[in-house]
Amino acid sequence: NAGVTQTPKFQVLKTGQSMTLQCAQDMNHNSMYWYRQDPGMGLRLIYYSASEGTTDKGEVPNGYNVSRLNKREFSLRLESAAPSQTSVYFCASKHTNYGYTFGSGTRLTVV
Amino acid sequence: AQRVTQPEKLLSVFKGAPVELKCNYSYSGSPELFWYVQYSRQRLQLLLRHISRESIKGFTADLNKGETSFHLKKPFAQEEDSAMYYCALSGYSNSGYALNFGKGTSLLVTP
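Residue numbers (our numbering), protein chains in the order written: chain A, 1 to 111; chain B, 1001 to 1111.
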């Protein structure tokens, strides 16, 4: 049981490049989330998906897009990366009656 | 509006001393509260949920609805407790239903 798997673990991008962060969970959870973690800011919600086929904006959605490809997978796309998007990105999923499970994170640097 | 406040960015205690990490919240409803721990550059791990009322690694937390607090306590701190601790509230906000984090408290336990 892998839980929540994120790829890649590390990435360096040049300003203006695009990339997709992948997230998959094998726990049959309905809800999935993308957060970014910055020093002194805690974790802030970027986008979430309450169920397959639905996505909604969180607190800091600008510059990002998401796709809930199926129940297992929830990807985060940066169309034109900016230095302000340098952060650690965490994906999470939630069972209806239990807590949230987090992936190991993607450390992204935009230069 | 939903809010989680952790007033201390850094808390330093000696090994064997009691430790209390403070968390206050605001939420118009019945909150679901959590404590997560993040060891150096690792994923977030669930430490406690208020509804399970259990003790993990010697830590406890009691929900005080009158004071809107969910402080994390441990009677005798250990060096391996050094980590980042996040208090989080699961509920509805302008961003939908998700986990809303405080900014975190870095706990340092020194010998």
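Accuracy of the hints is not assured; some may be wrong.
As the list claims (entries may be wrong) - Taking lysine-lysine and the BS3-like style, the derived pairs with C-alpha atoms no more than 30 angstroms apart in a straight line are:
(1) B:Lys1015 - A:Lys9
(2) A:Lys14 - B:Lys1103
(3) B:Lys1057 - B:Lys1103
(4) B:Lys1103 - A:Lys57
(5) B:Lys1009 - A:Lys9
(6) B:Lys1022 - B:Lys1009
Unchecked claim - Every beta carbon over 10 angstroms from chain B, so not counted as near; a handful from chain A, in silico:
(7) Ala2
(8) Gln17
(9) Gly63
Hints in this document: simulated from the structure, not taken from any laboratory. Ideal Cβ placement from N, Cα and C applies to all residues, glycine included.
*Out of the numbered hints, which ones does the structure contradict?*
1
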